[in-house]
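> The lines below spell out each chain.
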Amino acid sequence: MFSRLKYKYDENVKPPMPKIVAKIWTPKMGDFELELMVDTGFSGGILIPYHLYDELKLTLLEVPDKYFGVLPVGIPIILHTALTEVSIGELKFKVHVHSHPLISKRLAGRKLLNQLKILLNGPKRELEVL
Amino acid sequence: MSNLGNIIVVKNVDKSLYRRLKSVASLKGYTIGEALNEAIKLWLMVNEVISRDYLDYITCREKSERTLREIQERYDREHRGKYVIICDGVFKGLFSSEKEALKRASESKAKECIIAKLGEPIREEKIEFGMGVL
Numbered sequence: 001m002f003s004r005l006k007y008k009y010d011e012n013v014k015p016p017m018p019k020i021v022a023k024i025w026t027p028k029m030g031d032f033e034l035e036l037m038v039d040t041g042f043s044g045g046i047l048i049p050y051h052l053y054d055e056l057k058l059t060l061l062e063v064p065d066k067y068f069g070v071l072p073v074g075i076p077i078i079l080h081t082a083l084t085e086v087s088i089g090e091l092k093f094k095v096h097v098h099s100h101p102l103i104s105k106r107l108a109g110r111k112l113l114n115q116l117k118i119l120l121n122g123p124k125r126e127l128e129v130l
Numbered sequence: 001m002s003n004l005g006n007i008i009v010v011k012n013v014d015k016s017l018y019r020r021l022k023s024v025a026s027l028k029g030y031t032i033g034e035a036l037n038e039a040i041k042l043w044l045m046v047n048e049v050i051s052r053d054y055l056d057y058i059t060c061r062e063k064s065e066r067t068l069r070e071i072q073e074r075y076d077r078e079h080r081g082k083y084v085i086i087c088d089g090v091f092k093g094l095f096s097s098e099k100e101a102l103k104r105a106s107e108s109k110a111k112e113c114i115i116a117k118l119g120e121p122i123r124e125e126k127i128e129f130g131m132g133v134l
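Top line first, the protein sequences correspond to chains A and B. Residue 1 is where the first sequence starts when you use the numbering used here, and the numbers rise one by one after that. Residue 1 is where the second sequence starts when you use the numbering used here, and the numbers rise one by one after that.
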């Protein structure tokens, strides 16, 4: 029987924010564990800072497609995007990992979240993958 | 520049730039202080983060995109469904499966590689960001 995956909210953010832990497959390190903030306002799969994207050699797994966005300060950017395998517990998905030097956050967006059944247990400050 | 508690006086600010900042900030509902903080944050990010290495990577990516267009023109029909790898602008070969292509690309010593499926168009997609992306 599977034990359910539970992740504590990040209490350093006010109010506390749900987070999830995913392993992404990278050319440099194999499986690499990432703590990601859950952000339904982000429409992509995973977003990470460029220094990490470069360090993990995700630049070797890039897709030909163009992904672009507009930062909240109004600056348009073209994202660097790799396609790789992501595992959350026993679940595995092919997910686009996006990046740009102007991005500093590690986020899980709707394209990843929509593949999961998630319970946001606010009072317990806990995210549960069902 | 002088600092009087929370008030900072800055000399030599271009008046026309300041007027534009004031007008755009007001239109967007920002105070001048908030707009300046955003502008300073952005200036720091651009100047601290964008390195020579990053510019090299961008150059390699552009070369790979050009090579991919040539490969698509030449092989798109004949090898439809196969995967192509292009690293730093150099064509590395055609592969029958995505897994094989991913393995080969991940072993490369290049700065960047594009893995594309022949016969499939290059898509463009707009990504939405939440407010806390920076």
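In case anyone wonders, no lab produced these hints; they're calculated from the structure. Accuracy of the hints is not assured; some may be wrong.
As the list claims (entries may be wrong) - Derived lysine-lysine pairs resembling DSSO-like cross-links, with alpha carbons at most 30 angstroms apart: (1) B:Lys11 x A:Lys28; (2) B:Lys22 x A:Lys28; (3) A:Lys19 x A:Lys105; (4) A:Lys66 x B:Lys82; (5) A:Lys94 x B:Lys28; (6) B:Lys22 x A:Lys66; (7) A:Lys92 x B:Lys28; (8) A:Lys92 x B:Lys11.
As the list claims (entries may be wrong) - Part of the chain A face toward chain B, derived, beta carbon under 8 angstroms: (9) Lys19; (10) Ile20; (11) Glu35; (12) Asp39; (13) Leu60; (14) Gly69; (15) Pro123.
Cβ atoms here follow ideal geometry from the backbone N, Cα and C, with glycine treated the same way.
> Compare the structure with each hint and give your call.
Hint by hint, here is what the structure shows:
1. B:Lys11 x A:Lys28: violated, 48 angstroms
2. B:Lys22 x A:Lys28: violated, 47 angstroms
3. A:Lys19 x A:Lys105: With a Cα-Cα distance of about 12 angstroms, the restraint between Lys19 of chain A and Lys105 of chain A holds, given a limit of 30 angstroms.
4. A:Lys66 x B:Lys82: holds, 20 angstroms
5. A:Lys94 x B:Lys28: Outside the cut-off at roughly 39 angstroms; violated.
6. B:Lys22 x A:Lys66: Between Lys22 of chain B and Lys66 of chain A the Cα gap is close to 34 angstroms, so the pair fails against 30 angstroms, i.e. violated.
7. A:Lys92 x B:Lys28: Answer violated: Lys92 of chain A to Lys28 of chain B is near 42 angstroms, above 30 angstroms.
8. A:Lys92 x B:Lys11: Distance of about 56 angstroms is beyond 30 angstroms: violated.
9. Lys19: violated, 13 angstroms
10. Ile20: Where the cut-off is 8 angstroms and the nearest Cβ of chain B is about 15 angstroms from Ile20 of chain A, the hint is violated.
11. Glu35: At 15 angstroms from the nearest chain B Cβ, Glu35 of chain A fails the 8 angstroms test, so the hint is violated.
12. Asp39: Because about 5 angstroms separates Asp39 of chain A from the closest Cβ in chain B, which is inside the 8 angstroms limit, the hint holds.
13. Leu60: holds, 5 angstroms
14. Gly69: holds, 4 angstroms
15. Pro123: With a minimum Cβ separation of about 23 angstroms from chain B (threshold 8 angstroms), the hint on Pro123 of chain A is violated.
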